[in-house]
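Please construct the entire structure, taking both the sequences and the accompanying hints into account.
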Amino acid sequence: MNLTLKIWRQKNASDKGKMVDYKVNDISPDMSFLEMLDVLNEQLINTGDQPVAFDHDCREGICGMCSLYINGEAHGPDRGVTTCQLHMRMFKDGDTIFIEPFRAKAFPVVKDLIVDRSAFDRVQHAGGFISVNTSGNTIDANATPVNKADADKAFEAATCIGCGACVATCKNSSAMLFVGAKVSQFALLPQGQVEATDRVLNMVKQMDEEGFGNCTNTGACEVECPKGISLENIARMNTEFLKASLKG
Amino acid sequence: MALDSKTPKGPIKDKWTNYKNKIDLVNPANKRNIDVIVVGTGLAGGSAAATLAELGYNVKAFCFQDSPRRAHSIAAQGGINAAKNYQGDGDSTYRLFYDTVKGGDYRSREANVYRLAEVSANIIDQCVAQGVPFAREYGGLLDNRSFGGVLVSRTFYAAGQTGQQLLLGAYSAMNRQIGRGKIKMYNRHEMLDVVKVDGKARGIITRNLITGEIERHSAHAVVLGSGGYGNVFFLSTNAMGSNVTAGWKAHKRGAYFANPCYTQIHPTCIPVSGDHQSKLTLMSESLRNDGRIWVPKHMKDVEAIKAGTLKPVDLAEEDRDYYLERRYPAFGNLVPRDVASRAAKERCDAGYGVNATGEAVYLDFASAITRYGKEQATIKGLDVNDAALIKKLGQEVVKNKYGNLFQMYEKIVDQDPYNTPMMIYPAVHYTMGGVWVDYNLMTTVPGLYCIGEANFSDHGANRLGASALMQGLADGYFVLPYTIGDYLSDDIRTGPISTDSKEFEEAENDVKKTLEFFITNEGQHSVDYFHKRLGKIMWNKVGMSRNVKGLTEAIAEIKELRAQFWKEVKVPGAADEYNEELAKAGRVADFLELGELFAKDALNREESCGGHFREDSVELDGEQKGEALRNDKDFAYVSAWEYKGEPSDAVLHKEELEFNDIELKQRSYK
Ligand SMILES: Cc1cc2nc3c(=O)[nH]c(=O)nc-3n(C[C@H](O)[C@H](O)[C@H](O)COP(=O)(O)OP(=O)(O)OC[C@H]3O[C@@H](n4cnc5c(N)ncnc54)[C@H](O)[C@@H]3O)c2cc1C
Ligand code: SF4
Ligand code: FES
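From first to last, the protein sequence lines stand for chains A and B.
Heads up: the first sequence begins at 3 in this note's numbering, then just goes up one per residue.
Heads up: the second sequence begins at 457 in this note's numbering, then just goes up one per residue.
It is worth saying that the hints were derived from the structure and are not from the lab.
Some clues are possibly wrong.
Coverage of chain B stretches by chain A, computed from C-beta distances (three or more under 8 Å per stretch; other residues unrestricted) [what the hints assert, rightly or not]:
hint	stretch
1	541 to 553
2	1066 to 1077
3	1080 to 1093
Below 27 Å or equal to it, Euclidean Cα-Cα: the simulated BS3-like pairs (lysine-lysine) are [stated by the list, open to error]:
hint	chain 1	residue 1	chain 2	residue 2
4	B	K1026	B	K1015
5	A	K150	B	K830
6	B	K1126	B	K1089
7	A	K13	B	K1026
8	B	K638	A	K207
9	B	K471	A	K150
10	B	K836	A	K13
Computed spacing ranges between beta-carbons, pair by pair [stated by the list, open to error]:
hint	chain 1	residue 1	chain 2	residue 2	range
11	B	E962	A	K13	47 to 57 Å
12	B	D470	A	N216	38 to 48 Å
13	B	G596	A	K13	50 to 60 Å
14	A	D152	B	E852	16 to 26 Å
15	A	N216	B	K1023	50 to 60 Å
16	B	R827	A	Q45	45 to 55 Å
17	A	Q45	B	K1089	50 to 60 Å
Just so you know, even glycine gets a beta-carbon here, dropped at the ideal spot from N, CA and C.
Below is the structure:
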């Protein structure tokens, strides 16, 4: 198929940036979206132009590196997938596709479609861990049974890939789904209880400092989250936060 | 230089304990004055960085992605081995050790593997304490599954996202230390050289991938945990950025490179769909617990399937060839990866491949779905003869176990694997070869360590499933923190290492010169153009099945391609900005050298062992006819190559392998 692409080009963080039109031809429906961009880039390199910069690595939906706002949706029109898993069979011949970076105050653009998501890391530094040193003397793993339902829920929360689609989608640029997922994972496990109070307070504080907005329960994040992280996690974080605030 | 593995003396089961009792330690106050660089934040580098920081060293960690959490370990699916014997099925440290050495086709260092097996149980305890949500049974205890090449269930898992969960565990341990200022994290930084001062590794040169700035970083020791080099084949299950640069630059600075030809071609990956393909996707080996592999027995059915007139689900049982079950009754679908891959290739080469390219076999879940469905119906007291119900219940169980993998498959292939068998084919997946290290995980350059997939140590000529995650975490959490302490105990009075020395200056200038070359070269082909061509040579001539003619040709072709690359490569943009093509150019330049050494190593090893299959070394008769033939008399050694300029000039050093605790046997899975 033949497509028109309207892509955000921005030389660096201080450049103003603008949308630029490109054409790509003979795109196979079996290609992934990023393979289609590879075709464009090869074309640009061969004609002496600058290729479009975008983040990617695993190309199988797990590293969380790829992003892109495609036709107004984070990770594009398909559900439950990242951009690297989006396939061209979701589009048709002659389509015009708008491609923009994930936008949020806390995610400044680095170049073209690449944004800086290090704010996510800093929220994790503030409390996204259980304080246990590596010693080789920790208690036997089976000494603490965990109810399967809780373990499964903790796992589901832990499958967040840190892509930032939730933030990019939210009209308030809230990071509640991302932070809620980590808080929930530990809140659901016995190992996480000791530091529960500090964890939620510190992570929320850092989240606010990074400039993420408030949650007004629109639920858009859950819809666009490629890993199906549920809003339940936000509710659980709110409960944890309330508990911690009462204590604190 | 003679290669000394520094393996401690004494009985194998006491070696590690005795070693730990005797090494020199660094007291906590002195650790504060010692800096360690860790390149890589995967399971190996991440766990090492966190543990070294917990111990009190000042750690600087580097990765090329935008966050340590994105290292390619994140993509590991199936699981991690540990000799816990939670299932009471006869597992033990010895058995894990034995299986791993046998699985590696007797080409690994016994003492290392024993130590790995010994610390494996600690890994699970550590990860659970960190909050890693492994799969559990209804009673709340940890669940296990089995992987290829073994007869026990010792694999711990978190659905199809085990690597993700383990890496996020290591990442959380790192985060705690980053928050305390004990780890300084450098994201989007690529290491481009090792710096040696007075013969010791004392730092690295990096490029900031956002600004293009070239930086000098010094430390008392440097640890490489930079992952595997499977991308030398262009197409592999590795991430797009996975590369050999860190290991290769170390090689050029004096670190021997061991067994480059040992590559794992994984049997169950999604087949190539066309020339546009940028990478291949693995379908975890855990699927072979429940999936049965087959092709049609008769050519007419193959043709009908290809023509679309016959659906695989409609082919009668007796017209299917479950070739692994037929050829290897004892292990069936759970033979090791090298064996399963060659068997798939054999069927496809014979014309029985089931897709348009003729390079695919089926991985079928229908019987597992029925089996699980019946089990659930029985538990729930429902009608076991209601086929639709059984199917539904069975599909739920399968979804629970492998849901994310099935979804991945469906998105890529556009077929529903719950209702039609998956199509799979072998693909490059893992590299057993890597930088040579001694028992201390130190390379032949003093103070330069190498851990995880980047080193060569524990998997011999073939890695068993679920043992790379084990090795990465063993190296980083439990082995390196001891062995590096022994080395650093000599450095307590050294003081900070200056980056103003001529050695740093020279290394920096070399790096800058190469970058400058790429930017100014007036070539006509993109970096990918060369990478793809290299990949084709590697796959066709240095792939699953190797012979003298092909290898000799490959060596010449790669050399020629490399010369062409340095003349005709075209890199757009500038060096002082974000420039992915520039980063890729450096990586492909290194692949073009490694590729040749790889082929040279394969040519030198005139035996078949593990993932290295030489057509001129097969069993000629008897029950094992056609199977790989190892040659222990002449080749029970590690090939460690010393850099001498061109790959063709590399000098071979042999580390003879001794087996005192295991008898060398024909590796039979019949
Ligand atoms: C799809 C897939 C599934 C797998 N499933 C399993 C499984 O189920 N069980 C199992 O045991 N094993 C599995 N493996 C193998 C296993 O995941 C890997 O061998 C292991 O995770 C490698 O870990 P590592 O820490 O050595 O390297 P990686 O995780 O690859 O990390 C490499 C790190 O080095 C950094 N780096 C590299 N070069 C540079 C440079 N020049 N400068 C700066 N930083 C650099 C990267 O940024 C990254 O942080 C799987 C592998 C793949 C590809
Ligand atoms: S919650 Fe979902 S959308 Fe947000 S970062 Fe995690 S995976 Fe991405
Ligand atoms: S590239 Fe890794 S999730 Fe898309």
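Do the hints match the structure? See the list:
{"no.": "1", "hint": "541 to 553", "in the structure": "violated (count 1)"}
{"no.": "2", "hint": "1066 to 1077", "in the structure": "violated (count 0)"}
{"no.": "3", "hint": "1080 to 1093", "in the structure": "violated (count 0)"}
{"no.": "4", "hint": "B/K1026 - B/K1015", "in the structure": "holds, 19 Å"}
{"no.": "5", "hint": "A/K150 - B/K830", "in the structure": "holds, 22 Å"}
{"no.": "6", "hint": "B/K1126 - B/K1089", "in the structure": "holds, 24 Å"}
{"no.": "7", "hint": "A/K13 - B/K1026", "in the structure": "holds, 20 Å"}
{"no.": "8", "hint": "B/K638 - A/K207", "in the structure": "holds, 22 Å"}
{"no.": "9", "hint": "B/K471 - A/K150", "in the structure": "violated, 39 Å"}
{"no.": "10", "hint": "B/K836 - A/K13", "in the structure": "violated, 62 Å"}
{"no.": "11", "hint": "B/E962 - A/K13: 47 to 57 Å", "in the structure": "violated, 33 Å"}
{"no.": "12", "hint": "B/D470 - A/N216: 38 to 48 Å", "in the structure": "violated, 60 Å"}
{"no.": "13", "hint": "B/G596 - A/K13: 50 to 60 Å", "in the structure": "holds, 55 Å"}
{"no.": "14", "hint": "A/D152 - B/E852: 16 to 26 Å", "in the structure": "holds, 20 Å"}
{"no.": "15", "hint": "A/N216 - B/K1023: 50 to 60 Å", "in the structure": "holds, 58 Å"}
{"no.": "16", "hint": "B/R827 - A/Q45: 45 to 55 Å", "in the structure": "holds, 51 Å"}
{"no.": "17", "hint": "A/Q45 - B/K1089: 50 to 60 Å", "in the structure": "holds, 56 Å"}
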